[in-house]
Amino acid sequence: MELLNFKKYLNQQWGLPNEAINQLCDGIRTKKVKKEELLLQAGEICKLTFFVEKGLLRMYALNEKGKEDILQFAPENWLVSDRGSIYFNEPSDYYIDAIEETDVILLDTEFVDKISALGPSFRKLNDRLLHNHIRHLNKRVKLLLGASAKTRYLDFIKLHPDVLLRVPQWMVASYLGIAPESLSRVRRDLAKENFKQG
Amino acid sequence: MSTRNIELVVPPRPPHFVGDGFRVHNFIPSSFRLTMERMSPFILLDYNSKFYFPPSEQPKGVGVHPHRGFETVTIAYKGKVAHHDSAGGGGVIGEGGVQWMTAASGVLHKEYHEEEFSKTGGDFQMVQLWVNLPGKDKMSKPKYQALNQDDIKSYELENNTGTIEVIAGNYKGIKGSASSFTPIHMYNARLQKGASADFSFPQTYNTALLVIEGSILVNGSEEVPTDHFVLFENDGELFEIKATEEAVVLILSGEPIDEPIAAQGPFVMNTKEELVQAIEDFNMGKFGYLED
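As given, the protein sequences belong to chains A and B, one line each in that order.
Numbering of the first sequence is given in our numbering, commencing with residue 28 and proceeding in unit increments.
Numbering of the second sequence is given in our numbering, commencing with residue 6 and proceeding in unit increments.
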């Protein structure tokens with residue numbers, strides 16, 4: 028598997044030089060994931076963080092009605108995992124599976140040890156990533172609690188411009204916490220505003 | 006006039022489903038010598054080889070999706086396809102028919118097995134081609150050209166041994182029924198066993214054929230069976246096909262569009278920036294709206 032995106036990520040996000048990147052990538056675990064194949068199931072303890080080299084993963088939970096609630100989409104260059112399950116070593120409530128055939132890089136504790144050994148900046152950067160994650164989650168809670176379907180949709184297409192093209196609409200509706208009909212209505216209203224025929 | 010030789014004979018790759026209604030072998034674009042650049046202006050060719058769909062109350066097909074920057078050409082050999090778009094257009098492509106849709110600045114459309122066909126089930130066989138547009142026409146107004154088999158003018162071969170249906174371009178004085186933005190020749194050659202036909206296109210035109218039914222001998226030497234694709238070299242003008250059994254052959258030849266290609270999913274533009282714009286326009290409803 029080519030690790031082009033992952034190497035770029037290590038360089039740009041972590042500021043690592045080529046030599047260190049090659050060292051980290053040497054013997055790294057990768058996986059080609061088929062459509063709908065599960066990488067994590069509720070009840071398991073999550074041991075890995077998944078970096079998407081190519082393709083599209085999602086993380087979801089089953090709600091009380093047995094329906095899927097999508098918490099996160101992870102297209103190229105995104106990381107997805109159940110951080111809580113990893114850190115507290117407790118069973119996960121979530122599922123992670125592939126929406127498309129996906130090339131995944133599997134980051135385990137050994138990788139974290141290796142990258143920590145590269146220098147003290149790791150901790151600072153990891154802190155930054157974690158806080159960014161919290162910021163993102165808070166914003167998501169805020170939108171789910173109080174924003175209109177249109178506001179949620181407009182925020183979503185900024186974060187994930189091409190996901191709507193790659194997944195069925197009901198998945199986007201699930202992520203936005205709205206009914207598929209509401210998403211259709213938002214898109215129809217936007218088309219009324221913006222579609223100029225001819 | 007010199008002979009145009011075969012560069013490559015390509016067997017059908019394992020099929021995959023587009024939506025739940027199209028079981029296609031993808032020939033273009035593929036990383037192995039059939040790239041968009043090599044095949045320009047033909048930037049995609051998906052072939053639903055003859056496949057039996059059992060009766061279904063719910064028509065199978067592909068849901069709402071956008072296109073921008075090119076034309077889609079659907080050629081029906083078996084079965085019927087119904088289509089609808091965000092500009093209010095719609096129709097049915099029947100056997101022998103062709104739908105030439107200029108997506109250009111953008112449409113949303115959906116394609117399903119036609120209702121009656123879906124209910125009875127039957128053999129389904131189609132080609133979908135994407136024909137690129139030059140940059141200056143990529144944002145032109147979308148339009149349709151719907152051709153029934155009767156609308157397509159054809160050239161009769163000597164002794165009634167077959168016909169060359171001229172979808173676009175021209176063949177020996179017969180002008181094609183569909184118009185294109187850049188020079189393209191597209192024919193269905195329907196040949197009886199033993200019949201032969203010759204084709205001459207400018208050397209620079211990218212040229213290929215797909216054997217839909219039967220088998221043929223190309224340039225008197227290469228036997229090409231059903232569902233196989235032939236790419237020709239750009240080393241001459243003239244080639245000949247001879248039906249070793251009753252055959253239907255799709256012939257394609259077009260002047261390459263010498264422009265950069267930036268492609269992502271259903272959008273084919275010249276630059277990355279134009280792709281980003283296409284995605285944003287789609288998200289913001291600028292392609293209109295179409296119910297799933």
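These aren't lab readings, by the way, just hints derived from the structure by calculation.
Here a beta-carbon is modelled for each residue, glycine too, at the ideal position from N, C-alpha and C.
Watch out, some of these pointers could steer you wrong.
Some chain B residues near chain A, calculated using beta-carbon distances under 10 Å [to be verified]:
| # | residue |
| --- | --- |
| 1 | G270 |
| 2 | F272 |
| 3 | I284 |
| 4 | E285 |
Against the earlier hints, flag every one the structure doesn't satisfy and list their numbers going up. none
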